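These protein sequences, in sequence, are chains F and V. Under my numbering, the residues of the first sequence are numbered 11 to 284, in order. Under my numbering, the residues of the second sequence are numbered 5 to 415, in order.
Please note that the accuracy of each hint is not assured.
Said to hold, decoys possible - DEER-style ranges, computed between Cβ atoms:
| hint | chain 1 | residue 1 | chain 2 | residue 2 | range |
| --- | --- | --- | --- | --- | --- |
| 1 | F | Asn84 | V | Lys161 | 29 to 37 Å |
| 2 | F | Lys232 | V | Glu146 | 52 to 60 Å |
| 3 | F | Glu175 | V | Leu225 | 55 to 63 Å |
| 4 | F | Thr256 | V | Asp295 | 22 to 30 Å |
Worth flagging that the hints you see were computed from the coordinates, not collected in a lab. As the structure is a computational prediction, the values presented were derived from the model and not from experiment. Cβ atoms here follow ideal geometry from the backbone N, Cα and C, with glycine treated the same way.
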Amino acid sequence: MENNVTRTFNNLVQRNEKALIGYVVGGYPTLELSREIIEQLILSGVDIIEIGVPFSDPMADGPIIQEAFTRTLNCGIAPKDCLNLVKSVRERHKETPLLLMTYSNILYSNGLDKFLIQSKNCDIDGFIVPDLNFEEADDYLKETSKLDLATVFLTSPNTSTERLEKIAALSTGFVYMVSVFGITGSRNKFERYTFESISRSKAIVSSYGKHLAVGFGISTTKDGRRMIESGADGIIVGSSLINIITKNEHDKSKMMSELDIFVKGLKTVCKFPN
Amino acid sequence: MKNNTDLGKFGTYGGRYVPETLIPALEDLDKWYQRLKVDKSFQLELRGLLKDFAGRSTPLYYANNLTRHLGGPKIYLKREDLLHSGAHKINNTLGQALIAKKMGKTRIIAETGAGQHGVATSIASAVFELESEIYMGAKDVERQQLNVFRMNLLNSKVHSVHSGSKTLKDAINEALRDWIANVQDTHYLIGSVMGPHPFPTMVRDFQSVIGREIKEQIHKLSGNLPDAVIACVGGGSNAIGSFYPFINDKKVKLIGVEAGGEGIRTGFHAATLSKGRMGIFHGMKSYFLQDENGQISEAHSISAGLDYPGIGPEHANLKDTDRAAYPHVTDKEAVRAFILLSKLEGIIPALESAHAIAYIMKNANNFKKDETIVVTVSGRGDKDLTIVREYLAGSKVGIEKNKTTKGNGNS
Ligand SMILES: Cc1ncc(COP(=O)(O)O)c(C=O)c1O
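Could you put the whole structure together from the sequences, leaning on the hints where they help?
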């Protein structure tokens, strides 16, 4: 079944382009600025937006996102603020997939169904939950399917074929491949295993009619290009964006122009993969 | 298809909530563990080490003076404090390090609060010639300089963790992050009955030696089962180790004592089962202290080993099914028990264990005189001397006044 996410991928495929996926922290550095940042990213060419909902203990995240979470939580930003953020972005962007990325406890601690319904009411398209794997996801699969919310499960370079097949089958948005053994944050260089895993995973994922996006550590157009050359249908950038945001926290116009330059560079790679 | 026991479910609790990268490592560990659990030579090797290196079995000691002082039930102390390293933690670290060795891992990582588990891990790593790195919150590093030095002596590298609240929960986060990055050659030696499956089950099995010995020893002494088994609960490993062999003996009361800190109405406590609610964190579904949005709270206890905002999933289930009770005692009550046991029995307990002692001090009247109670003394108190001294100097507690009314400590 088509949803905003798969529709976006399908449209890109028709144009022979790859997806550029951008991650921001909801409410960072402030709620209003994070809304403007999302506007900027979409304007500059990001195809899919992931909004990180701050969690006190983000086990899959490196220092850059940890720090952004901590600061955001210290400002009193709650999950419902992130949901409202999506709602306000949605007013101007009917088609752009807006996904929440957060940890299980945020989804479950007040009742999974309640959180998913609230999300649906704010026009969220789906979820990425790095500490939720399919064995534990029965309720989540049932509820998301009932509400027509997209699921994005993660895969890793050491994931077995058998598991990846399940992950592909159960992901109704796309499959998120973690590029490295490690947490989020930029890498100086990727090793061969990353690119080999992309090729191997791409073959399996596409045999299920699904798309594969690769993230964690991408910080240059060169990284992005190599991911795409290895078979990725999309690339995901997060920490690099947060870095630009943090560095230019007090100079909004510089922040926006640096984001614009960075995104356009990656977008070029996505548009002209060969 | 998976059934519940495959994924380590205790009722609805437990499971495996971790990034996909860790799944192969957990599956591999589970496979090895299932195999070694029934492997005669593995069990023989482990039993040998527990005996000759760690000093098992530990005595079950009739606390005559304490019993007389309280005027209630007969109190027996399970002396885990007499083990090498001074706490029950070594039952688990020797077991897991031996598994890691068999798996061909070359590097061990662990979290530690005050340093007890870090020390026990360093010791086990030394025994098996494994490289060892310990994550410890920056606040704890500062508070526990001596244990940092101890771990260094034992050839471990100690990483000071500056993220989040800079305490145990953050040390666990950081250890998990390390494991994600180094999963091929590294074993994460979790220190309690927590984390993703198979840890809660595996650690429980390693600690159950405590309860098995209790059962045998009390039977020899009284020909019977005890009426109650009492232990302190941080993550819950010494408690579940003490309880597990009695779970099907329904008439044995099981009592896990949580840290009430400065009082559970103050917000400064670690009474997870009283004040927490269901959540998903550190790889498991269990009870956690958290705010209304699901952000994990900081725990507070004078005892670093109990200072954790979560609890092992098996305890969550024992609570929900009413098989065990989980009361709490305050810092003040624990310090009082620390002093009382030292005076009366010549045993300085760990502050953690002092919580279990404090419970029976408070509730001796609720038991009959002919009843038999076993209290697990999970560790010795040498590590806590500075803390208790400072606590008393800060005169947060009317211990001095109390002292003069006690009076019958010498025999
Ligand atoms: C002596 C002692 N007792 C108890 C604990 C609490 O852990 P658990 O609840 O896993 O037994 C600790 C933890 O460091 C400890 O050192």
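Hint check:
| no. | hint | in the structure |
| --- | --- | --- |
| 1 | F:Asn84 <-> V:Lys161: 29 to 37 Å | 31 Å, holds |
| 2 | F:Lys232 <-> V:Glu146: 52 to 60 Å | 43 Å, violated |
| 3 | F:Glu175 <-> V:Leu225: 55 to 63 Å | 58 Å, holds |
| 4 | F:Thr256 <-> V:Asp295: 22 to 30 Å | 25 Å, holds |
Hint compliance for this structure: hint 2 alone is broken.
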